[in-house]
Amino acid sequence: MSEEVLINITPQETRIAMVENGVLQEINIERSRSRGMVGNIYRGRVTRVLPGMEAAFIDIGEERAAFLHVSDVELSLAAETATELESATPSIETLLRTGQNLLVQVIKDPIGTKGARLTTEITIPSRYLVYVPNGRNIGVSSRIEDKTERDRLKTGLAELIVEEEGALEGVGGLILRTAAEGVEEEQLRHDYRFLRRLWSNLAERRQQMTDPGLVYEDLPLALRTLRDTLGQFVEKIRIDSRETYHRAIAFAEEMVPDILPIVEHYPGERPIFELHNIEEEIQRALEKRVALKSGGYIVIDQTEAMTTIDVNTGAFVGHKTLEETIFKTNLEAAASIARQLRLRNLGGIIIIDFIDMAEPEHRVQVHQALNRALERDHARTKVCDVSTLGLVEMTRKRTRESLEHVLCETCPVCAGRGSVKTAETVCYEIFREVTRDARQYQPKSMLVIASASVIDRLREEDSTSLAELQEFIGVPLKLQIDLHYLPEQYDIVLM
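In terms of the UniProt record's numbering, the numbers along the sequence shown are unbroken and rise by one, the last being 495.
None of these hints come from the bench; they were simulated from the model.
Note that the structure is predicted; figures quoted are calculated from it, not measured.
Any given hint might turn out to be false.
[What the hints assert, rightly or not] Derived SDA-like pairs: lysine to any residue, alpha-carbon spacing no greater than 25 Å straight-line: (1) Lys-114 - Tyr-216; (2) Lys-154 - Gly-173; (3) Lys-328 - Thr-313; (4) Lys-293 - Glu-281.
[As the list claims (entries may be wrong)] Ranges of calculated distance between the beta carbons of each label pair, as one might list FRET restraints: (5) Pro-476 - Arg-48: 30 to 40 Å; (6) His-378 - Lys-320: 32 to 42 Å; (7) Ala-291 - Glu-159: 50 to 60 Å; (8) Ser-419 - Lys-293: 24 to 34 Å; (9) Lys-320 - Lys-397: 35 to 45 Å; (10) Arg-270 - Glu-159: 29 to 39 Å.
Don't be surprised by glycine CBs; every beta carbon is placed ideally from N, CA and C.
Given these sequences and hints, build the entire structure.
Structural data, given as structure tokens:
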């Protein structure tokens with residue numbers, strides 16, 4: 001498995017492509033006018049407590065109020081208002097009050113009409129560690145599976161903290177990240193000192209602020225990628241901006257010196273994304289239908305409530321039995337679906353409609369194939385078993401907008417429905433409205449203004465119906481085409 005990271009920089013946006021074995025797996029886009037908020041830390045003020053939702057709205061100095069659910073409130077905040085009668089799971093009213101100031105961190109960007117989602121459990125990441133100021137323990141990433149290595153890291157970090165601070169108590173919590181596997185004590189010490197300095201500066205800045213606002217802004221996308229998402233299989237990191245390349249080198253020297261040999265500047269005249277067919281892949285990722293190599297295909301429908309994925313055999317007829325054809329199509333679809341979820345950054349509830357399989361063993365194997373394909377996904381996923389109907393329910397953690405929402409907007413013609421009314425339907429709507437207006441206002445004449453397709457139909461296929469309508473209401477009707485009108489748009493002018 002070989003990975004390559006391609007970083008394309010323009011003044012307007014940063015785009016990062018993760019390529020595995022020559023195939024695009026993930027695309028991340030950050031625009032300078034709308035940078036993501038995840039990871040940012042704010043001084044917030046509670047503006048409204050909602051007992052019915054067990055949540056609160058928090059003013060963080062942005063246009064929209066952010067949302068804080070009770071499950072994301074660090075329980076020590078209840079100290080000021082706690083009573084002996086409180087239950088083990090406090091309500092939002094016992095934890096927060098209107099006007100209260102608190103330090104919060106964004107865990108989910110604003111999506112659609114929803115504001116950012118917050119937590120009071122602050123976490124500050126470096127290359128190998130995550131600092132949790134309100135925590136008390138040392139944790140190890142679950143992706144480090146070797147028990148000996150887990151124990152070595154945990155013991156070594158505890159000893160390091162005692163050397164630096166004199167004791168473990170009162171320091172806060174720390175989490176050893178997956179990237180810490182195999183690293184030496186000095187690398188951990190460097191990260192630990194950096195995080196402690198950063199937290200000290202952050203706490204001082206918070207004390208100086210009197211109004212809600214930004215206390216700490218996370219790194220820009222390019223540097224964040226160098227810090228967070230690079231695995232052991234990454235062979236090259238190519239950056240097409242000389243300025244960003246120099247910033248990346250300076251950052252790597254300070255924070256991640258082990259990646260210095262693989263960071264390089266791409267000076268070519270041909271755009272780096274075009275060179276690797278990334279632009280073409282992005283266009284494909286915006287289409288509903290995804291072809292499979294066998295001839296089958298999957299159809300992806302993204303809605304506000306959930307994402308549905310339908311698997312079809314298409315032109316694939318197989319070579320043996322129908323069951324074998326279905327099984328092979330589902331196996332191929334499982335791998336393709338895992339890639340599309342990463343590529344399109346689809347999150348929330350996802351329903352996959354695999355083709356019905358009669359053999360229980362086939363359902364198990366398809367489920368296992370999907371889980372294996374999802375192992376390399378950085379987002380947290382949870383997959384249920386294949387039902388007897390061939391449906392798989394799963395969730396994928398959503399922290400930012402999907403690729404479609406970043407690059408596209410709702411169609412002004414169909415308003416997001418994916419279809420528009422036929423000219424025939426619009427004509428019959430016009431007939432009903434003309435009849436109603438003629439009876440109510442008794443005009444001398446009426447002018448119908450509509451799109452070319454609707455007026456053409458009124459003059460041709462529905463000309464007889466139009467003549468009968470004029471005779472019935474006793475009012476002459478004039479027709480006028482407006483080239484700027486959408487297919488469903490029309491106006492009736494009374495004269």
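Hint numbers the structure violates, sorted upward?
5 and 10
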